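**Student:** Chain by chain, the residues:
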Amino acid sequence: MQTAYARMVYERQVREQRRGTAEGNRQTSTLKTILKDACRRLIAFLFTQVGVCGLVVAYNILGAFAFRVIEGEMGDPRPEESASELREHMVHRLWNVTLRLNVLEETQWREEVVGALQEYQEFVVPLVKTKGYRGVYPKETWSFSAALMYSLSVYTTIGYGNLAPRTELGKIATILYAIVGMPLMLLYMSNVGEILANIFKFIYFRACRCDIGSLGYYRTASGTIRPVTASQNLRVNGQAGSSVKGQTGDSSPRRTIPITWCLLVIAIYVGVGGLIFAQWERWSVLDACYFSYISLSTIGFGDLVPGKTVEGENDDQEVESQQIICTVYLLVGSALVAMCFNLMQEETIENLKAFWRNLGCLRKKKTRKISVEDNLQRPSRYDADG
Amino acid sequence: MREEENNCGNCGYYFKNIIKFLISHIGLVSLVIGYTIIGAFTFERLESDHEIKVKQNMSSVRKDVTDDLWGITDHMEVLNESIWAAEVRQRLKDFEKSLIKAIKTDGWDGSEDTTKQQWTFAGALFYSIILITTIGYGHIAPKTDWGKVITIIYAIPGVPLMMLCLANIGDGMAHSFRFLYWKVCCYACTKRPKKKRRVRHMRGSSRRMYDDMVDTDMRGLQRNRPSDRSHQTRSSQNSKGSDHLTPPPKEDDGRVAVLFNKYALETEGLPADNGHMVTENDRDIEGRPERESKRSRRDEDPDLPVIHQPRGQRTISGGGYLDSPQMPRSPRSSERYSRHLPPPADPRSRLSRLDEEYYDDYEDEYDEEEDEDFVGDKPVPIWLGVMLVVAYILGGAALFSGWEGWGFLDSIYFCFITLTTIGFGDFVPSQNINEDVELSIALCSIYLLFGIALLAMSFNLVQEEVINNIKTMARRLGILKEEEDEDD
Chain Y
159 MQTAYARMVY ERQVREQRRG TAEGNRQTST LKTILKDACR RLIAFLFTQV
209 GVCGLVVAYN ILGAFAFRVI EGEMGDPRPE ESASELREHM VHRLWNVTLR
259 LNVLEETQWR EEVVGALQEY QEFVVPLVKT KGYRGVYPKE TWSFSAALMY
309 SLSVYTTIGY GNLAPRTELG KIATILYAIV GMPLMLLYMS NVGEILANIF
359 KFIYFRACRC DIGSLGYYRT ASGTIRPVTA SQNLRVNGQA GSSVKGQTGD
409 SSPRRTIPIT WCLLVIAIYV GVGGLIFAQW ERWSVLDACY FSYISLSTIG
459 FGDLVPGKTV EGENDDQEVE SQQIICTVYL LVGSALVAMC FNLMQEETIE
509 NLKAFWRNLG CLRKKKTRKI SVEDNLQRPS RYDADG
Chain B
8 MREEENNCGN CGYYFKNIIK FLISHIGLVS LVIGYTIIGA FTFERLESDH
58 EIKVKQNMSS VRKDVTDDLW GITDHMEVLN ESIWAAEVRQ RLKDFEKSLI
108 KAIKTDGWDG SEDTTKQQWT FAGALFYSII LITTIGYGHI APKTDWGKVI
158 TIIYAIPGVP LMMLCLANIG DGMAHSFRFL YWKVCCYACT KRPKKKRRVR
208 HMRGSSRRMY DDMVDTDMRG LQRNRPSDRS HQTRSSQNSK GSDHLTPPPK
258 EDDGRVAVLF NKYALETEGL PADNGHMVTE NDRDIEGRPE RESKRSRRDE
308 DPDLPVIHQP RGQRTISGGG YLDSPQMPRS PRSSERYSRH LPPPADPRSR
358 LSRLDEEYYD DYEDEYDEEE DEDFVGDKPV PIWLGVMLVV AYILGGAALF
408 SGWEGWGFLD SIYFCFITLT TIGFGDFVPS QNINEDVELS IALCSIYLLF
458 GIALLAMSFN LVQEEVINNI KTMARRLGIL KEEEDEDD
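Going line by line, the protein sequences match chains Y and B.
First residue of the first sequence? That's 159 in my numbering, and the numbers climb one at a time after it.
First residue of the second sequence? That's 8 in my numbering, and the numbers climb one at a time after it.
In short, the hints are calculated from the structure, not lab data.
Everything numeric in this text was worked out from a predicted model, so none of it was measured.
Just so you know, even glycine gets a beta-carbon here, dropped at the ideal spot from N, CA and C.
The calculated DMTMM-like cross-link candidates involving lysine to aspartate or glutamate, where the alpha carbons are at most 25 Å apart (straight line), are:
1) K104/B with E478/Y
2) K287/Y with D120/B
3) K60/B with D445/Y
4) K287/Y with D113/B
5) K27/B with E505/Y
6) K108/B with E478/Y
7) K108/B with E476/Y
8) K194/Y with E174/Y
9) K108/B with E277/Y
10) K100/B with D234/Y
11) K289/Y with E411/B
12) K287/Y with D101/B
13) K70/B with E280/Y
14) K104/B with E231/Y
15) K287/Y with E411/B
16) K104/B with D234/Y
17) K104/B with E270/Y
18) K108/B with D474/Y
19) K104/B with E476/Y
20) K104/B with D445/Y
21) K104/B with E277/Y
22) K108/B with E239/Y
23) K287/Y with E445/B
24) K150/B with D445/Y
25) K287/Y with E51/B
26) K27/B with E169/Y
27) K70/B with E84/B
FRET-style restraints, in silico, Cβ to Cβ:
28) G41/B with N509/Y: 19 to 25 Å
29) Q276/Y with V397/B: 41 to 47 Å
30) I389/B with L220/Y: 22 to 28 Å
31) L416/B with N509/Y: 44 to 50 Å
32) V338/Y with I59/B: 42 to 48 Å
33) L446/B with T418/Y: 41 to 47 Å
Next comes chain B alone, as it looks inside the complex (with noise of 0.2 Å):
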């Protein structure tokens, strides 16, 4: 029994690390990929036969008309040229129709030449990306019965999937993103040199610090230094509205009183008085970066505290946050600062400029040990977000422009269409091309694909700001209560 148990528990084990892996990324993507590999086989399949049936059918029609044309003319005894241009006029409307119908309902790609095909594996491939990515363009669509009804079947585990894995792949970039815009933005705020001016710095701001950033949250914490954890989880339900925070983990007790020690060393004089607490939101989105936060903070400098802060009362945090107008403060600084400690019951405090400088400097001794820790809750303003997809959607269309011909506003149209996953199918690639067909389909797939995970990205990055912005703007109106989150 033990045996089998053990059995069964590595195979748990593994089994379980296997899933860890397909939910990885690469396993995700390979997943998308052969996915999409499958639906290329199966569609080719079954919709090839038709188009080409499709194709030969055009002749016919031709030759229809033709005999309706003949029809007209020997009918007429006495041929009057304008009875018979009406009636031929007629005529060739109707053949304007059934051409029209052919593009637009049977799938009719415009020519007779039953060797170039729409349903190719490379034509199939770009119709499984496109419907799985609910772009949808519509100029490839599956005609037969079979096809239609494995269209159906196909998109059900098909779109969660490449959503899951854009957005996977997505929030790694953000990710990276966060990391390297701090790293160069700090890099860049931190290049002044003055470390004299720095500790003199943090000894005369510090006291302007602890007095607009201790409330009574942190005058406990600092009183019970020496051991007490009561008052720490006191300021846990003395924070308004809802859990902030919930009690630190026990073995952090040591480390709380080092934080405060840190400050201490830094700052000689440490006052404790009354005051608002600084605030730093928790902006970030909750899954994912929680478990980032999370191995973040075990694998920090274990001199620091790791007080867990749980990001669920974004609004609070978030409308103090942008109460206070000086951005762009140095948000990772103060980030880390809230990292530490436990986030304000008072949503309205304010952060003074020399804070942010103190936090620079502060910041900056640390720097080393304690930089890829920090990236997880970082805000990236939001024109820079909006400004990666803007030079993103200028770029593809500078390119399809020139690729496909298109006026740049044509492919500006375009790309904005396809990213956003309206896909109207008027501009399609590889349409108008009559060589290197695969080529433009391959071109195009990368594109959209790495747009919409681009996408994915900033809307990560930018969105804790967006609604708390719009959050503020509520508040102030008078629409939201100021703890109640009645709405994202």
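Isolated chain Y (complex conformation) (with noise of 0.2 Å):
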């Protein structure tokens, strides 16, 4: 899946270039076209950006309800009752072996119980890798907020594990579920995470008081306004804002946000979320940070999961709101991500044109002059040498 975002977010970088030199081309409009053009935008903005928010979200509930039914209350107890059984077998043979020693040998009744032990043992392993058996029925485990966390993991791909389908309905479900919710999340990322990339891009350049244009935005020939992305750094130097003065000769303004500052920001979102999380769950803070990371990255393990599903010692309404929370922290953190992949691409590439056009003109350089190198957007490497 990310390799499908990030063709995406490859291909729309493209498109926003090629509708960057087009802008010139198009006609004035009249005031009924541009209420018309609002209008539409609007609509499109809503169905598009927001409407997908609230989409996904819906999708995620959606989702966590179907399962609960699915999993929690249609759901298969056979583990849970064979380890039940299993249980009362033992307690029944270890009252025996006590028994038998009328004496209550010490020693031979441990070796007994040892051996009775070990054998329990070897049932109930298989049961928990294999079946899934968790030492909870499924109509507890199953609660909204475990289901909602499930429905995340599926559509994000994260797929921890911890609760998985073990009826065939649930299977076939998850599969369905999956193939819809995938590419919407696709879309909720790509849109979210544009949206985002320009508010960063807009502070940051703000910030760094970069010669943009007072807003990260300029206005085109024909009047429309439009965010700037890195590629159309040296077009809009001569069209931007009156803000902008003498940018002209100007050979390199950053119109790129740095990757650190990108790896930055995830690390900071890492870094809080596992705070919290170790807050709450009593996990170390590498422990926390370590979930938050390989949540975000869409790995999942499945090893660390908020909320106890494994056995309840907090309160259950805590645990719920803890796992909510935690599902909307994942949701939020995928589009920063989204963002940031957005950002680092384009970076990368600025860099790698760069790169290669240094390379490209270094080989060069015998047949022609050395003023191609003034021209450059980045300083050549091969500076020193002349």
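Could you use the hints to bring the two separately framed chains together as a complex?
**Tutor:** Following this line, the structure appears as structure tokens:
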């Protein structure tokens, strides 16, 4: 999925480039067209950006309800029943051992008990590993918030596995849910990621006072307002608003956010999540940060998951609210990751282009004048040589 | 100074070539393989000892339980069965919980045999692969602090690297698949041997074709056949909405003329009427196929013109394409046509059936020369892409259900969950079978790596059509403006 997402982001950026070149070709519009334009933009915006967020949340909730019924109430309690039977059997057996050894010879009693326990273990372990036995009946395990987290883990492809479908219906439902949910998630990530990227760029450029116009936007010849992307930098310089002064001669204004900043944002988010979860789940800070990172990167081992799905020590209400907050955290985090992906890709492409240009120009250095280097966007690594 | 420059220039040149190679298929794949092997070594070193400790710990867990049970028994002066049983039951439940915790959280594999470990080299290699493909089963996961830290550090460059590699392979496969597909398809399509009819056909339909397909742009080009370039630039500005085409490079002057000459040769009485332009969009993914198409253009028949068609405006062309519901026409031929001529300005033009046939036949003549060059943008039908993936999943399911002894539905479920990189971990190969663990792991790894590349390939193949379908729908619903590309 990330591959697909990366590809989409790349296309979008190239499309933005192309659109930028085409701006000059648009005709001027009348007032009516402007209004219509605005209306349509509004609807499209609602549908594509805000709407998608709502759609994802609704889909998640729908999944939670569905899986709660399928796996919780209509769930398969056979492993738990098996374990229960085994336990009874074991109790009975131990009682017989205790009765038999009337004199209660400790060593022999212990020996037999240990043997019995070993057998018991050998029955329970396959139950846990292959049948998904967790010690809790499905009805209690599949609470609403647990099902919410499960649905999230399906369509974000995190896939924890601490909760997994046992029934056939559940497995089929999971497959279908994933087939619909993953493109939706892709859409969400791409849209919200782009918005966040623009916001971030706006803040960043304002903060570093780069001359990109007083806003991170510029007005094109036809009057539409467009956000500035990395590739439009040099073109923009000539057309930007009145606050641009004497930029035409400037050869290398920074238009992409450096990768370190993007990584920093993700690191901060992971850290904050880590602190929160460490507090709630009583994990170590390292464990909690590890959990955040593994979840946000959609790896999702499932060895550490918020909420007591193994056994409830905490108050149920508390656990539920923690899980819901974790779900929200992961959704927002996915958008942030998408944003950083977006920004880093831009930056990497710019870097690669410059790097390539450097190498390319070097080869032609024999035949061309040295002045070629002055036009390069970034300083050449061979600057020192001439 | 000059010599220095020469040397540095050469360095740069070779460096550039080296990088090109690195980014090429083989280089990337070896890089990934190397990376996973390094990961395997590292993780095995870090985690193997801890696993042995956990295993050894289980017997002491049992001992604790025994102690507690003895304590229960000992403290009761009168052995009352029900009370005793209740307490023992509770203690057994706690024992179960500690077993579950050991398996789920401490990474115990369930057996106390310290010779059979999960964190062998093969296991660690499997772990690395599962990690950087972001599947993340979780049946084997780092438990030491260092293991976790190294996992995070390892994954940060590893995940993009693996994605890049698989996407690369997927793209290569998509290219070959497209090529094969149209070879086969067009072989089947053009098998009809009617050569004579073809000429007549062409003449008959050519007029119709040009009725349908010529618009001002073409007219401009045709009129300017002798020499004038200005119309071509004008035509680019006439295209609504966006830069449909950049002016063809200067050296194609003669080539443009020749194309129309060619058409003229095939079809006498070439009308230059008004009408709608045929539509065939450049439906493909931007970055890579651009490379391909450029390359192919250079290679192709010099008689045919090389007009650069930027692939930026899929929307309009795409809309037009989908407005004509006679799928599947032979996109290859019509696509080739559009390759030579500027894309249409009017997105709603339609292509009649006879024109399709015209294209089929026309294209047949030039089959031999231009085959490979027109592979780049061919749309493969969606059902084919979907079928590929489904077939792969079913095949894998059959394989795993036989190998691992799972049910068929379970195997399908496993394959799906693995290939989409969800990776719950409730079903993992090599957990049940005691012998041939390594073979199992190898099989699974190959299956999933190839499967993800296959997914990338299918996505590549059908993405354009899917997006265009969605866009058409959205446009019909009035959500998208015609010229505007609000969303993907």
